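Listed below, chain by chain, are the residues.
There are 2 protein chains.
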Amino acid sequence: MPTGDIEIKVKTAQLLNSCKKLPFEIKDFVKKTEALRLQYRYLDLRSFQMQYNLRLRSQMVMKMRDYLCNLHGFVDVETPTLFKRTPGGAKEFVIPSREPGKFYSLPQSPQQFKQLLMVGGLDRYFQVARCYRDEGSRPDRQPEFTQIDIEMSFVDQTGIRSLVEGLLQYSWPSDKGPVEVPFPSLTFAEALASYGTDKPDTRFGMKIVDLSDAFRDTQAGFLQEALGTPQGTVKAMCVSDGAKYLTRKDIEHIRKFAADHFNQEVLPVFPKASRNWNSPVAKLIVEERGSGLMRSMQAQEGDMLLLTAGEHSRACSLLGKLRLECADLLEAKGALLRDPARFSFLWVLDFPLFLPKEGHPGELESAHHPFTAPHPSDVHLLSTEPEKVRSQHYDLVLNGSEVGGGSIRIHDAQLQRHVLDTVLKEDVTLLSHLLQALDYGAPPHGGIALGLDRLICLVTGAPSIRDVIAFPKSFRGHDLMSNAPDFIPPEELKPYHIQVAWPTDPEAEKSSSGDPRHPES
Amino acid sequence: MPTGDIEIKVKTAQLLNSCKKLPFEIKDFVKKTEALRLQYRYLDLRSFQMQYNLRLRSQMVMKMRDYLCNLHGFVDVETPTLFKRTPGGAKEFVIPSREPGKFYSLPQSPQQFKQLLMVGGLDRYFQVARCYRDEGSRPDRQPEFTQIDIEMSFVDQTGIRSLVEGLLQYSWPSDKGPVEVPFPSLTFAEALASYGTDKPDTRFGMKIVDLSDAFRDTQAGFLQEALGTPQGTVKAMCVSDGAKYLTRKDIEHIRKFAADHFNQEVLPVFPKASRNWNSPVAKLIVEERGSGLMRSMQAQEGDMLLLTAGEHSRACSLLGKLRLECADLLEAKGALLRDPARFSFLWVLDFPLFLPKEGHPGELESAHHPFTAPHPSDVHLLSTEPEKVRSQHYDLVLNGSEVGGGSIRIHDAQLQRHVLDTVLKEDVTLLSHLLQALDYGAPPHGGIALGLDRLICLVTGAPSIRDVIAFPKSFRGHDLMSNAPDFIPPEELKPYHIQVAWPTDPEAEKSSSGDPRHPES
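If you read the protein sequences in the order shown, they are chains G and U. According to this note's numbering, the residues represented by the first sequence are 3 to 523, in order. According to this note's numbering, the residues represented by the second sequence are 3 to 523, in order.
Hints are not guaranteed to be accurate.
If chains are identical, the list can't say which one is meant, so a pair holds when it fits in one copy or spans any two.
Pairs of lysine-lysine residues, derived as BS3-like cross-links and limited to a Cα-Cα distance of at most 30 Å, are as follows [claimed, not checked]: (1) Lys29 to Lys323; (2) Lys11 to Lys23; (3) Lys496 to Lys93; (4) Lys178 to Lys11; (5) Lys496 to Lys427; (6) Lys427 to Lys22; (7) Lys201 to Lys258; (8) Lys178 to Lys65; (9) Lys93 to Lys323; (10) Lys33 to Lys178; (11) Lys209 to Lys13; (12) Lys29 to Lys427; (13) Lys274 to Lys390; (14) Lys178 to Lys201; (15) Lys427 to Lys23; (16) Lys323 to Lys251; (17) Lys11 to Lys285; (18) Lys496 to Lys359; (19) Lys335 to Lys13; (20) Lys285 to Lys209; (21) Lys359 to Lys29; (22) Lys23 to Lys274.
Hint data in this document are derived by calculation from the structure and do not stem from the laboratory. Nothing here was measured: the structure is a model prediction, and the numbers come from that model.
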C-alpha cells in the first residue's frame with residue numbers, strides 16, 4: 003500500500019460492523035489531550051505510534067526471555083501478588099480478606115520470593131513481574147508497573163553486570179543501533195562529584211569540577227566564607243556555548259532555580275565572553291584567576307561557568323540539577339547535547355548502605371532495601387559507624403534515567419538479623435520466614451530488577467511511560483476509560499469486614515468529588 | 003554423579019553458609035504433610051519433584067510464547083490488574099484507593115481489555131495473565147492463578163481451535179509423547195448424553211446409553227413410572243468388569259452415592275454374572291430383556307450395568323458421576339481405565355448461551371460471560387426463547403478436566419446492549435466503555451484462555467495444582483510460610499479510608515482466631 007501500486011476490484015462486500023463518528027482522528031499529527039486519549043484508549047491504540055510502541059515492547063521482552071531462558075538456563079517462576087505487608091511498606095496497597103481484620107498486601111517487588119527461590123535451589127530465576135506501589139499522585143509513576151526481575155545464586159556483582167549487559171545487547175532492537183558492552187561504571191561518590199546525581203546523563207559533558215584548592219586564598223567574599231567552614235567547597239561547571247546561546251532571562255532563570263530549589267547562590271562567570279554580563283564578584287574572579295579557570299575548566303571562548311560554594315554534596319546536587327536545566331535551555335536554542343539516538347548506559351556502584359532516616363534524626367534507614375549486602379571492605383564498620391558502610395548495590399542508568407537496580411544480598415541470617423534489628427530497628431517478626439530460610443543453608447546470591455516501562459519508554463523515545471503501556475492510569479491513578487477506581491455498594495464490602503471511613507475533613511471530600519476525568523486534562 | 007564415576011579431591015574448602023537441622027529431609031520418599039511443606043516452602047522447592055514441575059512449567063510456557071509471538075505474530079500485551087468491578091463480579095477482590103469510598107477490583111480475567119485491544123487494532127493478542135478470584139475456601143482453587151490468554155480479530159471457532167491445537171502440539175514436552183491434532187469434539191448435548199458431564203474423560207468408554215425406547219412396555223415398576231412422566235427417560239451405563247471386580251460393599255457405596263448426591267435410585271444389573279446379586283427388579287429386567295440389553299450396551303460377561311430413570315439431564319449427570327466413581331473403584335482393584343501417560347484432548351461445543359439464574363426463578367444468567375456470541379443459527383431465538391439459544395462458546399477438556407474455554411464474542415454494540423440490558427438485566431453503566439468501544443467499528447473477534455496451573459498439573463501428573471505453583475496458598479487462602487493475610491495496624495488503613503467492621507457474630511470470630519497453620523494440615 004505505501005507504494006500505491008495495489009488496486010482491488012471488489013466483487014462483493016459484506017459490512018462486518020459499522021463505526022460511529024470518532025471523537026478524534028486516528029492520525030499522529032492530530033493533537034489531542036492525553037485525557038481524551040486515555041478516555042478512548044481503544045481508539046488511541048490504533049495510532050501508528052502506540053502500535054509501534056506496544057509491538058516493540060512485546061518483541062523486546064520476547065528476546066529477553068529467549069536470552070534468559072533458552073541461552074542462560076534461567077527458570078521463569080511466577081510469584082504471588084497476594085502477599086503480606088513488609089516492614090515499612092507504607093506504599094503497599096492492601097486487600098481485605100474474608101477474615102476480619104486480615105489483609106493481603108500487593109508487593110512492591112518479588113524481592114522476598116526471589117531470595118526464597120535461591121534458598122529453594124532454583125538458582126537462576128527470572129520473571130517479568132507485575133509490581134505495585136501506591137505513591138498517590140506522582141507524574142510518570144504508575145500504581146502497577148513491570149520489572150524484569152532476576153536473581154542468581156553463587157554470583158558476584160561482575161556476574162550480574164555482564165549478564166545484564168548481554169541481555170540488553172541481545173534484546174536491543176536492531177534499528178536502534180548496537181549496544182556496546184561492557185558499560186562504563188562510576189562509584190556513587192564519583193557520580194555525585196562529577197554529575198551531582200546518582201543517575202548521570204553521560205551523553206554530554208559539562209562535568210562538575212572542584213575548585214576549592216584553586217580558590218583557597220581568593221578575595222571573593224562568598225567563596226572565602228564557604229571555604230572558611232569545615233565542610234566548605236567551591237564547585238564549578240562549564241556550560242559549553244553558554245555565553246553564546248543563553249539570554250539574560252535564561253541566566254536569571256538559572257539563578258532563581260538555585261535560590262528556589264536549593265536556597266543557594268550560583269554565580270555565572272563569563273571568563274572570556276564578548277558579553278559584559280559579569281557581576282562585580284564574577285569580574286573579580288575573572289581578574290584573579292581568569293586563565294587558570296579557563297584551563298582547569300577546559301573552557302572555550304563563548305562558554306559560561308557556573309560557580310557555587312558550600313557543603314560538597316549540596317553544591318554538587320545543585321550543579322547537577324543546573325546541568326540538566328542548562329541542557330534544556332541550550333537545546334531549546336538549537337544546540338544538540340543529548341542525542342536521542344544515542345543510548346549511554348552506565349553502572350553506578352558503591353552506594354551507601356544506609357541513609358539518615360527522614361524526620362527521625364539519629365536513626366538510619368536502608369538506602370535501597372534491608373537485604374542489601376554490605377561492601378566486603380566495610381563490614382567491620384557495621385557495628386561502629388554504619389552510616390559509613392558502602393553497599394553491594396548497583397544501579398543501571400540509561401541517558402540519565404535509572405532503568406535498573408540490584409544488589410548482592412545478605413545470605414547470612416546472623417548479619418541479616420543484625421541489620422534489621424540493631425541498625426534499622428525494624429519489626430523482625432514480619433520477616434521471620436526469610437530469616438529462618440537464610441538459616442537453612444542459603445547460598446550467596448544477588449540479582450537485579452530492570453524497570454521495563456521506563457526502559458521501553460527510552461528505547462522508543464516516547465514522551466511518557468503511559469505511551470508504552472496499553473491501558474495506563476492517569477497520574478492521579480485513575481483509569482479514565484472505565485472510571486476506576488469506583489464506588490462499591492456496601493453489601494459487596496461486607497464479606498471483607500470493612501466499611502468506608504468517610505472523612506469529616508471537607509478538604510478530603512472535595513478532592514474526591516466531581517468527575518475525575520476533567521481535573522486531569 | 004548418578005553413575006558414581008566422579009570423585010573430587012578437595013584441596014581447600016570455604017564454608018559459604020551453614021545450615022541448621024532441617025525440619026524434614028529433602029527426599030521425595032519422605033512423607034510430610036502439605037501444611038509442613040507449605041510452611042517451609044523454600045525447603046520443599048529443593049525436592050526433585052518441585053524442581054521438575056517448575057522447570058517444566060517455565061520451559062513449556064517459553065515454547066508457547068515462541069509459538070504465539072515468533073511463529074504467529076501475536077503481541078504480548080500486559081493489561082492492568084487494578085481495574086473496576088464488573089457486573090455480577092461478586093468474586094472480585096477489592097482494593098481501597100486513597101479516595102474515600104472508591105475501590106479498584108482485581109479482575110477475574112483480562113476479558114474486557116482483550117476485547118478492547120481488538121477494537122484498538124492489536125489484532126493478535128496474548129498474555130500469560132495473572133487472574134484473581136475470591137471463592138473463599140475451595141480445594142484445588144487458588145485466589146490468584148495464571149491463564150494463557152489469547153484473542154484474535156477476524157477469526158471463527160475453527161481458527162481458534164486449530165491455533166490452540168498447534169500451540170499445545172508445539173509446546174508439549176517431548177518426553178510426554180506427541181499430541182495428535184485435530185482434537186475430537188462433542189457438542190455440549192452429546193457430551194451430556196454420552197458422559198453425563200461437559201468435561202468428559204475420554205480415556206475410557208463406559209458411555210451412557212438411552213434405553214427409553216427399549217423399556218417402553220416394561221413391567222419393571224420404577225422404569226414404567228419414570229417413562230410415564232413427560233420428560234422421563236431410562237439410561238444405562240455398562241461398567242466393564244464390574245461384576246468381576248466390585249464387591250457388595252462397592253455396589254452399596256454406588257447406590258448410596260446416587261441417593262445422597264442425586265436423591266435418585268440406581269439399579270445394578272448383572273445380565274450374565276455368575277454372582278447372584280440381582281435384586282428382584284433387576285432379575286425381572288434380565289428375564290425381560292437380558293440378551294437385548296447385552297447387545298445394546300455392548301456388555302460382556304462379567305460386566306455390570308447401572309440403570310437409572312428420570313429426566314434426561316438429571317439421569318445423565320448421575321451416571322456421569324457414577325462413571326468416575328466406578329473408575330476409581332475399578333482402578334483401586336487394579337484395572338487400568340485412565341492411563342496417566344495418555345492425554346485425551348476434547349473440544350466441547352455449542353453450550354447454551356444462558357442458564358436459569360440460581361435462586362431467581364424465571365431469570366437468566368450467562369452460562370459463561372455476557373460477551374459470548376450466540377450461535378448464528380439461534381440468533382432469531384434471542385428475543386423469543388433466549389433459554390434455547392446455543393452459544394459460540396467452546397471448552398477444551400483434557401482427561402476430564404476443563405483446561406480452557408473461550409468464545410467468539412459479540413462485536414455488535416446493539417446486540418451486546420440487548421443481551422446485557424434485556425436478557426440479563428445487568429447494570430450496563432458498569433460496561434459503558436466496552437459498549438462504546440464496540441460502536442467504533444469493532445472487528446469480529448474471539449479468543450480463549452487456557453488454565454495454565456491446571457494444564458501443567460495434568461502434564462506433570464502432579465496430585466494438586468499447588469505442586470506446580472512455587473508459592474501457593476492453602477485451600478483456605480493462606481500463605482502458610484509468611485502467614486498472609488495478616489493484621490494491619492489501623493493507622494495503615496487510614497490513607498484508604500476504611501476501617502475493619504469486626505463481626506458481632508461469634509461464629510465468624512471463631513473461624514478467624516487461632517493459628518491458621520494447623521486447621522489446614
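Hint check:
| no. | hint | verdict |
| --- | --- | --- |
| 1 | Lys29 to Lys323 | neither (36 Å within a copy, 58 Å between copies) |
| 2 | Lys11 to Lys23 | within (27 Å within a copy, 79 Å between copies) |
| 3 | Lys496 to Lys93 | both (25 Å within a copy, 12 Å between copies) |
| 4 | Lys178 to Lys11 | neither (39 Å within a copy, 50 Å between copies) |
| 5 | Lys496 to Lys427 | between (37 Å within a copy, 24 Å between copies) |
| 6 | Lys427 to Lys22 | between (61 Å within a copy, 25 Å between copies) |
| 7 | Lys201 to Lys258 | within (24 Å within a copy, 72 Å between copies) |
| 8 | Lys178 to Lys65 | both (15 Å within a copy, 27 Å between copies) |
| 9 | Lys93 to Lys323 | within (27 Å within a copy, 49 Å between copies) |
| 10 | Lys33 to Lys178 | within (26 Å within a copy, 55 Å between copies) |
| 11 | Lys209 to Lys13 | neither (68 Å within a copy, 50 Å between copies) |
| 12 | Lys29 to Lys427 | neither (56 Å within a copy, 38 Å between copies) |
| 13 | Lys274 to Lys390 | neither (42 Å within a copy, 90 Å between copies) |
| 14 | Lys178 to Lys201 | within (22 Å within a copy, 50 Å between copies) |
| 15 | Lys427 to Lys23 | between (61 Å within a copy, 28 Å between copies) |
| 16 | Lys323 to Lys251 | within (18 Å within a copy, 84 Å between copies) |
| 17 | Lys11 to Lys285 | neither (79 Å within a copy, 75 Å between copies) |
| 18 | Lys496 to Lys359 | between (39 Å within a copy, 23 Å between copies) |
| 19 | Lys335 to Lys13 | neither (57 Å within a copy, 67 Å between copies) |
| 20 | Lys285 to Lys209 | within (23 Å within a copy, 102 Å between copies) |
| 21 | Lys359 to Lys29 | neither (49 Å within a copy, 46 Å between copies) |
| 22 | Lys23 to Lys274 | neither (62 Å within a copy, 75 Å between copies) |
Of the numbered hints given earlier, the model fails hints 1, 4, 11, 12, 13, 17, 19, 21 and 22; all others are met.
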